[in-house]
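Peer 1: Sequence:
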Amino acid sequence: TSGDFTFTVTSTGNGGDANLGDGRCGDNSGGCTLRAAIDEANADAGDDVIRFDLPGPAPAVINIPSPLTIQSRSGSVRIDGYTQPGSRMNTRSDRSTAIPGVDLRGPGTGAGTAGFYITSAGNTIRGVAISEVARAIFVDKASAVGNRILGNFIGLHGNGSWPNSGRSAYGVLLNSGASRNVVGTAAAADRNVIYAGKGIDHYGYATTYNVEQNNQLCML
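Here this note's numbering is used: position 98 in the sequence shown is 1324, and no number is missing along the way.
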């Protein structure tokens, strides 16, 4: 398919899309999971938006036993956790009062685990919490250009608590030529709160021109 789609996540399940490329989000049970929405966005050639309308108030917990991979063949995807009812953007200049819409929890902080794995360009991750993984947001390869990571809790649960499995090794890892990505801006609503061994790390040749600002790095 080719178009600009909006997918609304209504299920906290983890199933992938049952009919890839038809422009509709649905796993085998018919619910639109975050993984299924990303599958459809990856298959689409347009610029897509992923919204949330999950049961209960924010932050809604979604368990992800494997990475959520964003590798759109063309176009981009904007994941906006602040569309979940009960979520709230930060408005403070000195700290964060945000309530992320979605609380993503991985299988643990063992080597190799990841939350989001991004290898394509122009995507946005906004208003989510991601924890219980070694690399919370992994932006990888020279094809990963111009991504925006804004207003998230990275390495923390959605209520701001420390994960039971320990802290992530990396909050945001920019790797192997990923360039011109943005992690936080001067706007209070865009501040990321990051708890990890390495909050924001750059690795590899040509991993350049990335901009990080106004993020809150937490340490124990």
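Treat each hint with caution, since some may be false.
[To be verified] Between beta-carbon pairs, the in silico distance windows are:
no., residue 1, residue 2, range
1, 1282, 1372, 20 to 26 Å
2, 1427, 1369, 15 to 21 Å
3, 1292, 1385, 22 to 28 Å
4, 1246, 1415, 32 to 38 Å
I should point out that these hints are in silico values taken from the structure, not numbers from a laboratory.
Beta carbons: idealized from backbone N, C-alpha and C, even for Gly.
Peer 1: Look at each hint and say if it fits the structure.
Peer 2: Each hint, compared with the structure:
1. 1282 with 1372: 20 to 26 Å: Violated, at about 34 Å.
2. 1427 with 1369: 15 to 21 Å: holds, 19 Å
3. 1292 with 1385: 22 to 28 Å: holds, 24 Å
4. 1246 with 1415: 32 to 38 Å: Given a distance of about 34 Å, which is inside 32 to 38 Å, the answer is holds.
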